[in-house]
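K.L.:
This is what each chain is made of:
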Amino acid sequence: MTISLRTPYDGIVMAAPVTIPYVRYSIDSAQWWIGRALSAIVAQAGIRVSDIDGLCVSSFTLGADSGIGLTQHFGLCVRWLDTIPLGGASAIAALRKAARAVQARDADIVVCVAGDTNHVDSFRSTLENFSRFNQDAVYPYGAGGANSSFALIARNYMRRFGVTREDVGRIAVAQRSNALRNPHALMKTPLTLEQYLAARPISDPIHLFDCVMPCAGAEAFLVMREDTAASLRLPAAKLLSTIERHNAFADDPMQVRGGWAMDIGELYAMAGIRPDALDVVQTYDDYPIITMMQFEDLGFCSKGEGAAFVRQHDLTVGGDFPHNTSGGQLSVGQAGAAGAYLGLVEGLRQVLGMAGPTQVADANLCLASGFGMINYDRGLASGAAILAGPSR
Amino acid sequence: MTDPIEAPRRKNPLLRTRLPTSPPRARSRTSHGFTRAAAEGRFMLQRCEACGKFTYPAREACPMCLSARLVFVDAPPRGTLLAETTARVPSDVYFRERAPWRVGLVKMDCGPTMISHLHADCAEGVAVRMSFQLDKSGQAVAFARPEAETPNMADDRQWREMSADPKFRRVFVTNGRSAIGREAALALKAAGANVVFVGIAEPWRPFAGEELLRGQDGIELVNFDAANEKSTGDLAADIGGKVDILVNTTEYVRPGGLLDRKGTSIARDEIDHAYLGFINLAQAFGPVMRMRGADGINNSVAWVNILSVHALANWPAFGAYSASQAACLSLSHCLRAELRPGGIKLMNVFTGPVDTEWFQTVPPPKVAPRAIAQAVVAGLRGGLEEMYVGDVAEEIRQRLAANPKALERELDR
Numbered sequence: 039m040t041i042s043l044r045t046p047y048d049g050i051v052m053a054a055p056v057t058i059p060y061v062r063y064s065i066d067s068a069q070w071w072i073g074r075a076l077s078a079i080v081a082q083a084g085i086r087v088s089d090i091d092g093l094c095v096s097s098f099t100l101g102a103d104s105g106i107g108l109t110q111h112f113g114l115c116v117r118w119l120d121t122i123p124l125g126g127a128s129a130i131a132a133l134r135k136a137a138r139a140v141q142a143r144d145a146d147i148v149v150c151v152a153g154d155t156n157h158v159d160s161f162r163s164t165l166e167n168f169s170r171f172n173q174d175a176v177y178p179y180g181a182g183g184a185n186s187s188f189a190l191i192a193r194n195y196m197r198r199f200g201v202t203r204e205d206v207g208r209i210a211v212a213q214r215s216n217a218l219r220n221p222h223a224l225m226k227t228p229l230t231l232e233q234y235l236a237a238r239p240i241s242d243p244i245h246l247f248d249c250v251m252p253c254a255g256a257e258a259f260l261v262m263r264e265d266t267a268a269s270l271r272l273p274a275a276k277l278l279s280t281i282e283r284h285n286a287f288a289d290d291p292m293q294v295r296g297g298w299a300m301d302i303g304e305l306y307a308m309a310g311i312r313p314d315a316l317d318v319v320q321t322y323d324d325y326p327i328i329t330m331m332q333f334e335d336l337g338f339c340s341k342g343e344g345a346a347f348v349r350q351h352d353l354t355v356g357g358d359f360p361h362n363t364s365g366g367q368l369s370v371g372q373a374g375a376a377g378a379y380l381g382l383v384e385g386l387r388q389v390l391g392m393a394g395p396t397q398v399a400d401a402n403l404c405l406a407s408g409f410g411m412i413n414y415d416r417g418l419a420s421g422a423a424i425l426a427g428p429s430r
Numbered sequence: 049m050t051d052p053i054e055a056p057r058r059k060n061p062l063l064r065t066r067l068p069t070s071p072p073r074a075r076s077r078t079s080h081g082f083t084r085a086a087a088e089g090r091f092m093l094q095r096c097e098a099c100g101k102f103t104y105p106a107r108e109a110c111p112m113c114l115s116a117r118l119v120f121v122d123a124p125p126r127g128t129l130l131a132e133t134t135a136r137v138p139s140d141v142y143f144r145e146r147a148p149w150r151v152g153l154v155k156m157d158c159g160p161t162m163i164s165h166l167h168a169d170c171a172e173g174v175a176v177r178m179s180f181q182l183d184k185s186g187q188a189v190a191f192a193r194p195e196a197e198t199p200n201m202a203d204d205r206q207w208r209e210m211s212a213d214p215k216f217r218r219v220f221v222t223n224g225r226s227a228i229g230r231e232a233a234l235a236l237k238a239a240g241a242n243v244v245f246v247g248i249a250e251p252w253r254p255f256a257g258e259e260l261l262r263g264q265d266g267i268e269l270v271n272f273d274a275a276n277e278k279s280t281g282d283l284a285a286d287i288g289g290k291v292d293i294l295v296n297t298t299e300y301v302r303p304g305g306l307l308d309r310k311g312t313s314i315a316r317d318e319i320d321h322a323y324l325g326f327i328n329l330a331q332a333f334g335p336v337m338r339m340r341g342a343d344g345i346n347n348s349v350a351w352v353n354i355l356s357v358h359a360l361a362n363w364p365a366f367g368a369y370s371a372s373q374a375a376c377l378s379l380s381h382c383l384r385a386e387l388r389p390g391g392i393k394l395m396n397v398f399t400g401p402v403d404t405e406w407f408q409t410v411p412p413p414k415v416a417p418r419a420i421a422q423a424v425v426a427g428l429r430g431g432l433e434e435m436y437v438g439d440v441a442e443e444i445r446q447r448l449a450a451n452p453k454a455l456e457r458e459l460d461r
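Residue numbers (my numbering), protein chains in the order written: chain L, 39 to 430; chain F, 49 to 461.
Keep in mind that a hint or two might mislead.
To be verified - Now the stretches of chain F that chain L is said to cover, found in silico as 3 or more residues with beta-carbon under 8 angstroms:
{"#": "1", "segment": "245-252"}
{"#": "2", "segment": "397-405"}
Said to hold, decoys possible - Heads up, simulated SDA-like pairs for lysine to any residue below, C-alpha to C-alpha not over 20 angstroms straight-line:
{"#": "3", "chain 1": "F", "residue 1": "K155", "chain 2": "L", "residue 2": "V294"}
{"#": "4", "chain 1": "F", "residue 1": "K453", "chain 2": "F", "residue 2": "V336"}
{"#": "5", "chain 1": "F", "residue 1": "K101", "chain 2": "L", "residue 2": "R208"}
{"#": "6", "chain 1": "F", "residue 1": "K155", "chain 2": "L", "residue 2": "A315"}
{"#": "7", "chain 1": "F", "residue 1": "K155", "chain 2": "L", "residue 2": "N285"}
{"#": "8", "chain 1": "F", "residue 1": "K155", "chain 2": "L", "residue 2": "R198"}
{"#": "9", "chain 1": "F", "residue 1": "K155", "chain 2": "L", "residue 2": "A288"}
{"#": "10", "chain 1": "F", "residue 1": "K155", "chain 2": "L", "residue 2": "A286"}
{"#": "11", "chain 1": "F", "residue 1": "K101", "chain 2": "L", "residue 2": "Y414"}
{"#": "12", "chain 1": "F", "residue 1": "K155", "chain 2": "L", "residue 2": "N194"}
{"#": "13", "chain 1": "F", "residue 1": "K101", "chain 2": "L", "residue 2": "N285"}
Worth flagging that the hints you see were computed from the coordinates, not collected in a lab. Since this is a predicted model, take the numbers as computed values, not measurements. Glycine residues also receive a C-beta, built at the ideal position from the N, C-alpha and C atoms.
Please build the complete structure, drawing on both the sequences and the hints.
P.N.:
See the structure below:
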């Protein structure tokens with residue numbers, strides 16, 4: 039068993055999970071969406087805007103703005119500020135930084151927020167301008183975007199471990215079933231495994247229901263110390279443990295594992311739990327194959343056993359392994375960088391008992407993960423966090 | 049196994065001509081190391097001078113040792129295809145209208161993995177030969193082909209987007225009176241061109257080798273003088289819409305430099321024929337070629353200039369001629385930029401002194417006109433942008449890269 043030498047997150051909590059319901063296309067700007075999330079979080083937490091003294095922002099569509107421009111835009115006067123451009127790993131990274139900031143009393147109340155708009159041409163322009171390696175050595179090759187990059191990873195992974203499309207499809211189908219409980223999910227019709235298998239190919243072996251739908255939306259949460267939450271009478275979840283890793287396993291010729299596999303011992307050691315103690319799991323599901331990879335790398339099964347794990351478990355809200363309970367990005371939509379927050383914010387709602395129609399009974403321990411930045415041939419950023427509800 | 053492409057049918061004049069679009073064009077400055085490699089048909093990667101490792105994509109520091117001494121060097125082009133995918137709904141117009149489009153990830157024997165366009169005959173787990181090609185944006189892209197020749201290899205749909213193969217295309221060789229023009233016409237016809245139009249100024253005057261061209265199947269002599277603006281305009285009005293490859297073989301060689309000549313009359317002739325003739329040609333044929341860059345199997349694809357290598361370094365014995373060639377070289381870069389939106393390649397073929405009467409007093413080695421013609425065909429098939437034909441041209445390329453001052457002094461003999 040790994041022993042963690044890191045400073046524990048004693049007395050560090052998360053509160054006020056906020057989701058601004060997604061729309062497929064928006065004529066508003068990312069600033070508008072982030073503004074809505076800030077407004078909602080202030081209202082939900084019952085604080086004044088001037089109480090916010092820390093801000094962490096993630097977005098792909100802010101144009102020339104970073105966090106600093108937003109302080110003036112929204113009338114915030116903060117003493118701690120960060121902008122995190124880590125795509126699907128942004129929420130975990132934001133939480134980690136904010137937690138240490140409030141722990142060190144560099145700030146008392148930090149808002150972590152992500153929001154993106156989706157104009158009709160936003161997605162293409164994000165693909166085109168994603169990164170230098172992407173510009174030089176990926177996008178000019180068929181312009182398939184993330185679909186093609188993940189198709190290569192998926193094809194190799196499926197061949198190497200004998201994974202079928204049925205195996206992968208179970209994840210998407212279970213999430214759709216969860217999404218039908220979530221009034222804010224963009225996908226509102228049931229999905230059967232037959233429909234999943236019959237979907238049109240996008241970039242073989244990626245088919246339509248392996249892909250998230252780009253959309254506009256925003257997500258946010260607060261990070262503070264337990265005493266601050268208590269004085270505000272805010273229900274709050276304890277942060278037990280986090281990990282973050284970038285550019286792991288660079289020598290693997292193709293990605294079959296993410297950075298989680300490097301740090302998994304640390305994640306559970308710091309939390310003081312075993313994986314089977316978790317009540318609910320929110321993985322980063324830009325593609326269901328990446329979720330399968332995470333089941334292995336996050337310690338729920340061994341490498342190569344992800345497909346068997348999926349066959350042996352019920353991933354729905356009422357199942358034995360409740361997973362991506364809101365429907366995940368696959369069924370709710372991917373609102374740019376807010377996609378990184380979706381699982382963490384839903385997980386926070388779960389352990390606070392605030393998830394409403396998607397609530398898992400007695401959810402107390404939750405793991406949420408992030409994965410992001412397919413800079414060239416693989417996702418570079420990975421992270422995970424474990425939270426506990428107030429009763430623990 | 050690639051199916052052979054079918055000969056294009058006669059074009060329906062009522063149908064709209066498909067307009068050219070360009071694949072994504074943005075590249076970092078360092079990445080243009082690959083553009084240079086592709087232009088010359090070389091396979092180069094960055095290698096760290098400190099630790100010897102190859103890297104890809106283009107970087108500013110070695111990921112093994114952080115040295116900044118990353119140098120583009122010729123690299124072993126062999127690799128193995130690890131995984132492939134077929135993009136069916138690309139987000140960009142160029143690929144969208146050419147989908148499905150196949151790409152893959154190749155592990156190079158020399159280390160890096162490369163995302164690459166795939167020839168249809170490439171298979172997962174099998175060795176491939178990597179090259180850099182210029183795409184329809186004129187930018188370098190990695191292209192993996194099977195290690196060994198396969199049937200109809202050059203007919204692969206994705207490969208044909210990168211090459212300018214004469215097969216089934218219509219070619220205009222501007223000057224058939226020269227030995228180079230005559231050999232180019234014959235070589236392009238032999239390479240599968242549907243028809244080769246050959247420009248002949250003052251066609252009533254006989255010329256050497258006339259019998260090889262006149263009356264030959266698939267070769268059509270046309271009355272043409274590049275130096276004459278009306279002549280270029282008339283011919284373009286007649287055949288401009290069916291020129292897929294233009295080979296500018298205009299030549300006007302006269303010995304002599306500056307001080308031993310009197311006045312500007314010879315220089316003016318040199319400029320008239322080579323430089324202004326080039327302008328006439330470009331203005332008459334360029335716009336319609338640019339517009340027809342995506343017009344089916346026999347779309348317009350390439351413009352070829354035969355230039356003296358002394359366009360790059362003045363040779364005082366032919367000093368004024370060298371200058372006229374330098375002017376043409378400079379103008380060719382302008383034309384390349386202006387043809388680029390059509391996806392038309394501009395290839396410059398640099399030669400040393402050619403084995404013709406105007407270089408009679410020059411000692412060997414001299415380039416045979418046939419060798420130039422073969423280089424034109426090879427360059428078009430390979431989709432190149434720069435070619436150096438013969439020992440003199442290749443030597444000057446190397447000496448220019450090594451020390452331009454030494455070359456300048458030594459050309460003064």
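K.L.:
Check each numbered hint from earlier against the structure, then list the numbers of those it violates in ascending order.
P.N.:
Hints 1, 2, 4, 5 and 6 are the ones this structure does not satisfy, whereas the remaining hints hold.
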